[in-house]
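K.L.:
Chain by chain, the residues:
Number of protein chains: 2
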Amino acid sequence: MYRVCGGLACFSLCLIFLVPSCSGGNILVYPVDGSHWINMKILLEELHARGHNITVIRVSTSWYIKEKSPIYSSITLEMEEALEDFFDVFVKEQIKVQREGASMLSFFKLNKDFLSMLTQAHVLWCDVTKDIFENEDLAKQITDSKYDVVLTDPAIGGGLVLAKYFNLPVVLNVRWIPVGEGHFVLAPSPLSYIPVPGSGLTDRMDFIQRLKNIFFNCITKFQELFLVGPIYDDICSKYIEGGCSIVSLLQQADIWLFRSDFVFDFPRPTMPNVVYIGGFQCKPAEPLPADLEKFVQSSGEHGVIIMTLGTLVNALPQDVANEIAEVFSKMPQKVIWKHKGDRPSTLGNNTLIVDWMPQKDLLGHPQVKVFVAHGGTNGVQEAIYHGVPVLGIPLFFDQYDNLLRLQERGAGKILQLADLNGRNFEEGLKEVLHNSSYRQNIQRLSRLHKDKPMSPMDQAIFWIEYVIRHKGARHLISEAYKMPWYSYHSLDVVLLLLAVGAVLLYSIYGVFRFLCCRRKIKTKTKLN
Amino acid sequence: MYRVCGGLACFSLCLIFLVPSCSGGNILVYPVDGSHWINMKILLEELHARGHNITVIRVSTSWYIKEKSPIYSSITLEMEEALEDFFDVFVKEQIKVQREGASMLSFFKLNKDFLSMLTQAHVLWCDVTKDIFENEDLAKQITDSKYDVVLTDPAIGGGLVLAKYFNLPVVLNVRWIPVGEGHFVLAPSPLSYIPVPGSGLTDRMDFIQRLKNIFFNCITKFQELFLVGPIYDDICSKYIEGGCSIVSLLQQADIWLFRSDFVFDFPRPTMPNVVYIGGFQCKPAEPLPADLEKFVQSSGEHGVIIMTLGTLVNALPQDVANEIAEVFSKMPQKVIWKHKGDRPSTLGNNTLIVDWMPQKDLLGHPQVKVFVAHGGTNGVQEAIYHGVPVLGIPLFFDQYDNLLRLQERGAGKILQLADLNGRNFEEGLKEVLHNSSYRQNIQRLSRLHKDKPMSPMDQAIFWIEYVIRHKGARHLISEAYKMPWYSYHSLDVVLLLLAVGAVLLYSIYGVFRFLCCRRKIKTKTKLN
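Chains as they are written, first to last, in numbering that gives the first Met the number 0: chain C, 0 to 527; chain G, 0 to 527.
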């Protein structure tokens, strides 16, 4: 069961694809829902504006991806289970475990649950992808549509399998892959100075930290080999001639549009087909709504603090919210706080609670002095773009790692939720507000981030169109992915050299021994 | 003894530096002579046009680098020995050895001579660099001039030492480094698919070829550790606080402007501070001089063949030249041949011998069908830019490797000088002329090469100005260069893990042995 939706007119089970009305390309998009979609949509809007024809694959239970849109047609596939409820429970459980001090058992259980959820997501999306292959009409329709390229977010690998099945070039809009971080499967990644995501390490590690980094890498490898890998091996062996693996599909992708850059991330080896588009979603601030502008202006010389903990967190524990509200109430600044739970009892007059805020426009407002944030990639990159120092309260996923990158550059400060209380929140807030180095450092990052030969958005569009023009970018893909791992690491050659060395040494030893024995025998004979 | 030359007015031993007349940067250039200078000069012309103030360090015996120039001031240092004579002898000897079939001994001697010459060049330039440090007036003048950046070709490492000494940011305009190819000291370079320069291998290697590649890498390492490295260790230990090595200086360079790209070269790991400017010297063809245009047009439908063996080769052996001339004379095409030796006796009426030719403009002429070339980087990149297939006769250095990259893409064909005769030259020429795949393939490369978000020249200028604006690009340099090699490769951690593993295994073995022994003793006791 699927629905195909063209432009704003939508019909169940009938196929209407927009015929490109201009010289633009024909792009099939296989996105990931949630905050990942926010990014993808911005890219699609730009592609649409430049005359490309876009078709988005979505599921019936999608959170954010609308069926009808003026910028894309859609193909809707049935998916019964929704993961949103799980996320809600997971987030609450995470916060609880962190606040109450995680016992080894509860920590392990939480991570096990998370991994199960992750695995379930991959299974569900692989099933959706299989549905496409099994549905002859839809598969034929996709073939007949002669798409130029599949644009996909490889946090879920279905788009890669789809592209391989239909033999289409692939452009990735990527922050995460199903088996960790993309660079680790694409470019050599010496673990001595490249921190594994989740390890909470930087590019400067002592011996113990390097040991820890290798340990975290083993966890990722375990996940690849025993949890996520087999799900894709299964769909690959059924539908792709000669089989494939999620890693080999990633390694064959034509262009990686990486939502990062080396102002945000630590420098590391990369590959010719990786293009860094970190912060491509950022734009100069637009004017605030009149009432918000009035509130912001009323802060006078003290300025404004803004706080948000992202799209996934619906409510902070009441005690934490109360402590934060109390600290805010004592500050001379005005505060805008995106907060969804019960209204904190200690809320001050200077604090405006909102359901939603124009975050980008506020970050770009000269009155905003500090950004209290959870450290999602989008928020951190917007803070860098607009040069606003961050007081970070990381909750889960990559948030600690993201904030750590700011803290390492002296452009932000991390408060752990486990230790968070009124006193250290107040201290942290005042430090980021009054120690001018935070602002200077993030403004330096902002200058570096903006000083590029081409805007990240233009880069993204250029490389998608490049793949359309040249039907891929095979000449930018290294030969590495075709080699078995032991050849890639030259282990076979090293083994041969060691064997030759050993035989040589043994021969020399043999000759010496023979000579010595002969001498001894001679000496003995003489003595006799 | 040194001379400083400002603009076109030049005075021995007096210091005249042009004060920047615009908001441009103040750039100190430490170039390499010969064909490398041709490239550097094109970059300097562009920098000058954009308002930058340029000072070039040169030696009194320079081949190509003029003391007086409208685009730069110069600092001239004394150097007695010139290497040009050696080159002439070396080239003739090389050709002779290749033609007559190299005995192991003559091949070894030739390479030994070449390495001595190379080592001598490094010593001479290190001495020149030392002269700068020892000359208080000149050193003070350089300090007072407040250069923003040192732009250097690191085929000779003096510019790197100079930049370190004066604590200036560095931009490299690089094709080769003193110890091989730059990527090998900068980015991880798996030898399983990255051919070592000089090995004559591609990125697809079988077992034996990978063995050969490792062997060639050992030669480069030997050169680094025992021939070239010590020369720089010496100057570093004398003049740089805390010492340094040529490799560590290279690893600390702010930006690498690499005269290559991944249309020309095989894809491989790279680093964030590497910018590919391959073909930055190429421009659309300009009209030919009237007489040459007339000659070219007279070729009619058959078109023109052009041939040149570069700047270093003054004469081909007479027998080879005669055979080539004879083949040319039989072709219906017209031929333009840059040839400096005696006039071949077999020269046909269709062949025009010239001392110099407007190579770029000819390559861009639609009548030119084949480029017979030695395979220097500049020529190969110009052939790619203009989409003219190449019949290559590599002589030495990187020429075989350059041509191999074309041959692998079906855009050129290699003839070895050793086997070159009239018959196979004619066959090769006709194959490249009449098999349309050569032209199609090189024109595909040409399209790919030209399809970039920004021209290589604009990229080069952007990144030089970037380093000037931000006083370096430290945030793009990885932490790798600060680590000892065993930490970089995680050998210390692996050793610990192996030791722990061994102790664990031994303990388990001990426990089992203890238990077994106890059982045996018990059994024995029972039996007794």
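In short, the hints are calculated from the structure, not lab data.
What you are looking at is a predicted structure, and each value in this text was computed from that prediction instead of being measured.
Do not rely on the hints blindly, as some may be mistaken.
[Said to hold, decoys possible] 20 angstroms max Cα-Cα, derived PhoX-like pairs, lysine-lysine:
no.	chain 1	residue 1	chain 2	residue 2
1	G	K470	C	K449
2	G	K91	G	K470
3	G	K129	C	K451
4	G	K163	G	K451
5	G	K470	C	K470
6	C	K139	C	K129
7	G	K163	C	K451
8	C	K470	G	K449
9	C	K91	C	K111
10	C	K359	C	K40
11	G	K129	G	K163
[Said to hold, decoys possible] Which stretches of chain G does chain C cover? Using the computed rule of at least three CB atoms under 8 angstroms from a CB of chain C, they are:
no.	segment
12	148-156
13	165-175
14	204-210
15	346-355
16	443-452
17	488-501
Positions of the beta carbon are idealized from the N, C-alpha and C atoms, including for glycine.
K.L.:
Mind checking the alpha carbons of K139 of chain C and K129 of chain C for me, to see if they're no more than 20 angstroms apart?
P.N.:
holds, 14 angstroms
K.L.:
Straight-line Cα separation of K91 of chain G and K470 of chain G no greater than 20 angstroms?
P.N.:
violated, 46 angstroms
K.L.:
Are the Cα positions of K91 of chain C and K111 of chain C separated by 20 angstroms at most?
P.N.:
holds, 16 angstroms
K.L.:
Run the distance test for K470 of chain G versus K470 of chain C: straight-line Cα separation, threshold 20 angstroms.
P.N.:
violated, 40 angstroms
K.L.:
Does K451 of chain C lie within 20 angstroms of K163 of chain G when you go C-alpha to C-alpha?
P.N.:
Roughly 26 angstroms separates the two Cα atoms, so the pair is violated.
K.L.:
Check, residue by residue, whether the segment 204-210 of chain G contains three or more positions whose beta-carbon lies closer than 8 angstroms to a beta-carbon of chain C, and give the verdict.
P.N.:
It holds, with 3 qualifying residues against the three required.
K.L.:
Given the hinted pair K359 of chain C and K40 of chain C, is their alpha-carbon gap at most 20 angstroms?
P.N.:
holds, 16 angstroms
K.L.:
Closer than 8 angstroms Cβ to Cβ for three or more residues is the test here. Does the segment 165-175 of chain G pass it with chain C?
P.N.:
violated (count 0)
K.L.:
Quickly compare the C-alpha distance for K163 of chain G and K451 of chain G to 20 angstroms and report which way the hint goes.
P.N.:
violated, 34 angstroms
K.L.:
Residue count check for the segment 346-355 of chain G against chain C: does it reach three with CB-CB under 8 angstroms?
P.N.:
violated (count 0)
K.L.:
Count residues of the segment 148-156 of chain G with a Cβ under 8 angstroms from any Cβ of chain C, then say if the count reaches three.
P.N.:
violated (count 0)
K.L.:
Please work out if K129 of chain G and K451 of chain C have their alpha carbons no farther apart than 20 angstroms.
P.N.:
Violated, at about 37 angstroms.
Violated hints for the displayed structure, listed by number in ascending order: 2, 3, 4, 5, 7, 12, 13, 15.
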